[in-house]
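**Student:** Position chain X relative to chain D; hints supplied.
Residue numbers (our numbering), protein chains in the order written: chain D, 1 to 213; chain X, 1 to 316.
Incorrect hints may have been included.
[What the hints assert, rightly or not] Label pairs and their calculated CB-CB ranges: (1) D/Phe148 / X/Lys115: 21 to 27 Å; (2) D/Gly48 / X/Lys115: 45 to 51 Å; (3) X/Gly251 / D/Ala100: 41 to 47 Å; (4) D/Arg191 / X/Leu222: 39 to 45 Å; (5) D/Val101 / X/Ala263: 53 to 59 Å; (6) X/Asn96 / D/Arg191: 26 to 32 Å; (7) X/Asn96 / D/Asp30: 54 to 60 Å; (8) D/Ser103 / X/Lys115: 18 to 24 Å; (9) X/Arg131 / D/Gln137: 39 to 45 Å; (10) D/His160 / X/Lys115: 21 to 27 Å; (11) D/Glu164 / X/Asp190: 58 to 64 Å; (12) X/Asn191 / D/Arg191: 44 to 50 Å.
[Said to hold, decoys possible] Calculated pairs, SDA-like style, for lysine to any residue (alpha carbon to alpha carbon, straight line, at most 25 Å): (13) D/Lys6 / X/His81; (14) X/Lys51 / X/Glu171; (15) D/Lys144 / X/Gly107; (16) X/Lys115 / D/Ser103.
[What the hints assert, rightly or not] Over the 10 Å line for every Cβ pair with chain X, so calculated as not near, a few chain D residues: (17) Glu13; (18) Ser19; (19) Gln35; (20) Arg45; (21) Thr136.
Since the hints were made in silico from the structure, they are not lab data. Glycine included, C-beta positions come from ideal geometry on N, C-alpha and C.
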Amino acid sequence: LQALQKVNERLLEENPAESLLFDVILITTDSQQQQQSSRVISSTRHYGLEVSRFCFSSEEDFIESLQKNNVKLFLTTDTNEVTQASQTGVVSVLLDQQTAVCSSEQLRVMFCGDAVIRPDTGPMPLTRQAAQSFSTQLGEMRQKFGMFDSPLSFILVTSHGGRESCRGALQMLRSRGVSVDEAYCLAGAPRGPMLSLLQPHFLLRDGYSGLEE
Amino acid sequence: MVKMSLDPVQVMSGQVKELKVATSSNGDSRGSWDEKEEFDQDHLGLTTKPKPALETVNARLRELYPQSEELFDIVLVTYNHAHVGIRLINTINHHNLFIERFCMTGGSSPIGYLKAWHTNLYLSADSEKVREALAEGIAAATMFMPEKLTEVSESQLRVAFDGDAVLFSDESERIFKAHGLDKFFEHEKDNEDTLLDHGPLKGFLEALGKLQKKFYAKGQRLDCPIRTYLVTARSAASSGIRALKTLRAWGLEIDEALFLAGARKGPMLEKIRPHIYFDDQMFHVEGAAEMGTIAAHVPYGIAQKHNPKQKSSVAK
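Just chain D, same shape as in the assembly (with noise of 0.2 Å):
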């Protein structure tokens, strides 16, 4: 939340009509959390945390919120969720231990170049469609910035197949307007010490639900 923070200040810095900005919205279906409504609010407050809706859901709606709230990345904690959330076409990430010690001052966004997506593969799932938009528009964000020293950062992983399957990545993210920082050809390298030595805020699967691996 913060490196978003970080990169909506970065963004009005260039721009204060800017428009494109990061939106976060807190979402909850855990009724206790409700009862205390107040509470959240604060203590979100308390920490800096720039939130500007809350929604009070219950595990049958908030689906539905997350398209009423026209949301275009989810992230939870929660597998479940995850699931349905992808089912239903929203990008949705699954948060875990490595989150919580990124950075909080530059928003890092791993793509995972393996599944390349062919053009010519019939109708696309409603969550790769969503994936494409959402990667456009951060490509746009990026542009906003120079090529050092910008908030938002873009990483490219390929752990599988060589050079020429990270050149077709790299091709492809380039195409959507997603201007790759730093690449990654692991070629089969264990990918374990990688990620936690880049330390991406979440992982777009080009393609694919976010469940896979």
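**Tutor:** Using the frame of chain D, we list chain X on its own:
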């Protein structure tokens, strides 16, 4: 697995960049992965010359151990921004460099990645980065390319090392510099049975040794495609003994130990024709490069604090 990381910056911008030869240390139980050695360097020769030998080593390892992923692996590491990523890959293709793994860190120091890649050896043209790596306990050396490369074998990879301050610590060199030759001899004699401490490239020799043992295990000792050399100013009759005893105690074999007793290294290297030679003294590194050998400077130990261009070697 022997992983080498290289910095291809040179290739892109014409500046000298680091060659990281990252070799992975063995014992990665998570599923070892292929280690191939690849050299990327601004000067084509650096990549071209060792390549056939490296490919031979890997090909023969695969023949003998089809399931194993313990091979030479070269990883290119650069602090380039990925917006030149496609260009970089095209360049690799164009020069037919055998590199399948790489890191473009977009500005941050590649040193952290060396560890993540389990680097056995880091080669770079940037001595600062090399020092950083050494400080992190990673075997590293600064590359020096000769103007003209001598022919090297395509079927056997030959790696030559200086002894003191490369394979071994610089303790003896310190004695020599502080107290002179006689004291040095005395010290070595007195401590003949005491092991020398290890130097920055000991681990790399070890990694090479592991690969060699794989050939020995299949009865290919005489025809091993990896050969190691010790080229030292120590003399066989006296101070060299301690070096040999130390290697033996470490369980490391070196194929040929050449005790020069102070003679120039150039002619010896010319005879051996190693694909790469490691030394801690710039004088020797430059001498090797002049003779057409790819030389790598290990900026470690007492020799760095003194005038690196000594005009004469002294018999040790």
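**Student:** Could you run down the list of hints and mark each one as holding or not?
**Tutor:** Now the hints, each set against the structure:
1. D/Phe148 / X/Lys115: 21 to 27 Å: 24 Å, holds
2. D/Gly48 / X/Lys115: 45 to 51 Å: Since the Cβ atoms of D/Gly48 and X/Lys115 sit about 34 Å apart, the hinted range of 45 to 51 Å is violated.
3. X/Gly251 / D/Ala100: 41 to 47 Å: Holds - the Cβ-Cβ distance for X/Gly251 and D/Ala100, about 43 Å, lies within 41 to 47 Å.
4. D/Arg191 / X/Leu222: 39 to 45 Å: 41 Å, holds
5. D/Val101 / X/Ala263: 53 to 59 Å: 55 Å, holds
6. X/Asn96 / D/Arg191: 26 to 32 Å: 28 Å, holds
7. X/Asn96 / D/Asp30: 54 to 60 Å: 59 Å, holds
8. D/Ser103 / X/Lys115: 18 to 24 Å: Since D/Ser103 and X/Lys115 have Cβ atoms about 19 Å apart, the given range 18 to 24 Å holds.
9. X/Arg131 / D/Gln137: 39 to 45 Å: About 43 Å separates the Cβ atoms of X/Arg131 and D/Gln137, which means 39 to 45 Å holds.
10. D/His160 / X/Lys115: 21 to 27 Å: With a Cβ separation near 22 Å, D/His160 and X/Lys115 satisfy 21 to 27 Å, so the hint holds.
11. D/Glu164 / X/Asp190: 58 to 64 Å: 60 Å, holds
12. X/Asn191 / D/Arg191: 44 to 50 Å: 47 Å, holds
13. D/Lys6 / X/His81: 22 Å, holds
14. X/Lys51 / X/Glu171: 35 Å, violated
15. D/Lys144 / X/Gly107: Given that 25 Å is the threshold and the Cα spacing comes to 19 Å, the pair holds.
16. X/Lys115 / D/Ser103: Answer holds: X/Lys115 to D/Ser103 is near 20 Å, not above 25 Å.
17. Glu13: At roughly 21 Å from the nearest Cβ of chain X, D/Glu13 sits farther out than 10 Å, so the non-interface label holds.
18. Ser19: Holds: least Cβ distance 26 Å, greater than 10 Å.
19. Gln35: 46 Å, holds
20. Arg45: 34 Å, holds
21. Thr136: Holds, because the least Cβ-Cβ distance between D/Thr136 and chain X comes to about 17 Å, which exceeds 10 Å.
Hint violations for this structure: numbers 2 and 14, all remaining hints satisfied.
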